[in-house]
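Model the full assembly from the supplied sequences, consistent with the hints where possible.
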Amino acid sequence: MNIVNIIEEIEKVDGEIYERLSPRRTAMKDFFNFGKKISLAALPLAMGSMFKKAYGQTTPSGVADVLNFALALEYLEYHYYNHALVAAPTLVPAGAPTAAITTIRNHELAHVNLLKGALGASARAEITYAMTDFTAGGTFPLVYSDYLTFLKVALGFEDTGVRAYKGQATALKGNAVLTTALQIHAVEARHASHIRQMLAANGASGLKPWISLGPGGIANDTGVGAVDAVYVRENNDVQAGITITGIATGITKAAAVESFDETLSKAEVVGIANLFLRTGFKL
Amino acid sequence: MKNSKSNVQPDVLHEESNIFNARLQRRSFLQYAGAGAAGIALIAAGCKKERRNEMMPGGVTLDFKDDFGVLNYAYALEQLEAAFYIQVASNPPSTFSPAEKAYFQDIQFHEIAHREFFKKALGNAAISGLEVNFSSINFTDSSSVLGAAKAFEDLGVAAYNGAGVRIKSDVYLTLAGQIVSVEARHAAYIRDLISNGSFADLTSLKDLGASDANGLDGALSPDKVLAIAGKYIKTKINVINL
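First to last, the protein sequences are chains A and B. Going left to right, the first sequence walks through residues 1 to 283 as this note's numbering numbers them. Going left to right, the second sequence walks through residues 1001 to 1242 as this note's numbering numbers them.
Just so you know, these hints were derived from the structure itself, not from any lab. Every residue, glycine too, gets a C-beta built ideally from N, C-alpha and C.
In the DSS-like style, the derived pairs of lysine-lysine whose C-alpha atoms are separated by at most 27 Å in a straight line are: (1) A/Lys173 x B/Lys1168; (2) B/Lys1101 x A/Lys253; (3) B/Lys1224 x B/Lys1206; (4) B/Lys1224 x B/Lys1236; (5) B/Lys1119 x B/Lys1150; (6) A/Lys208 x B/Lys1150; (7) B/Lys1065 x A/Lys173; (8) A/Lys266 x A/Lys116; (9) B/Lys1119 x A/Lys173; (10) B/Lys1101 x A/Lys208; (11) A/Lys173 x B/Lys1206; (12) A/Lys116 x B/Lys1206; (13) B/Lys1120 x B/Lys1065; (14) A/Lys253 x B/Lys1120; (15) A/Lys282 x A/Lys266; (16) B/Lys1065 x B/Lys1234; (17) B/Lys1119 x A/Lys253; (18) A/Lys266 x B/Lys1168; (19) B/Lys1120 x A/Lys173; (20) A/Lys173 x B/Lys1224; (21) B/Lys1101 x B/Lys1231.
Footprint (simulated), chain A over chain B, 3 or more residues, beta carbon under 8 Å: (22) 1150–1163; (23) 1198–1205; (24) 1214–1226.
Okay, here's the thing in structure tokens:
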């Protein structure tokens, strides 16, 4: 990539590019700090961030878009658990498992209500259970009759949720809404951890509470090939240009991968969510 | 504190401002950055102007005026967590099951990886190593160890959640998000060991800023986190520009 060319291309359509950059001196300073701290590989990312600041892209409508995107995911999660508890009462064993799924369902409903309230009139249309298809077009035909299948798909939702919120953090930077989003994000991670433990207790050997390195170094550590899209890049071990594997004694590739969860882009999350929405109701 | 403001920093800021004062100079920087291998020189030039964390005779200073302060704050907490898990993993309570021993080893390595990541990312701007004080923890007793682990993890989650809004760089904001979800996974696991099903008992996390009614985990400002963590840290931590 040639940054000079990019700048010159922008100058052709926007003669004031340098002036735009100038008053945002903090953006340039941040950029400089980046240069000191991160590798060449990450420089293009830092450049992108500088332009974003120069153009002040994070608008209130951008924030509403992120919240509506989150709301759609929360609707999906809520219906997934709620349907199991309401319509398939024998699916989840009584006692601790039902208590856990109820806790998670209640949190997802709380998230729906919180986001709806925050968005007010800007909130997206409701997603009802009738608009969903949790068999994902027949990929998981036993999702509401086989407990293990139910837990596996649940884990897919939770790990997707964790990665989706993380991926939107920069769009909320410096905004008080970011704190709320991070608070939801951590709750989804707690859910994911528990469902991983529920799966492990039901024979999914080797599944840890945290996302580890899959067999043979693949990104998906769940053994469910149909959810590969949920785990893309989770075998990454380079953070901000720093290789984590071997950063200290005992830090294997698996430990490095486990130490940092990765982000998913909005497009990647939409692709996953749409598998569970009927035609006509896709995001 | 009179020497908490480094003499180096205003100069660095002044220098950086000067670089961008003239259009021509600004442009030559961009061309410089774009010249492929010259990027290496850019980083090398950056290194010369590295900010230094002035060693306070009475401890370390977290200066929250920029991202370095937030990163050093995270570095301090990761040092604390790593020190705790190293001690547990190297000599676990005798009642720990093999699975518990293995997962506490895992967590130990995660916290070491976080600590070393921040140390490397901060370079010369990193605070020095903290001295810890674990005298309140009985490392031979599993309930004491699990209780402390739960406190560290829940506090760590609230700390990252509360600090996120202060982070100005996209890269480090995302990284904080990448770490906090792992801490939340730890917290849920440890809570389930203490009492299965308490993985996300948000009511019990109210003092850390959580809300069960809204499904929100904890979020605390750095001063409140440090007041709680202070019990485990011997080194004096000075906070400025919060």
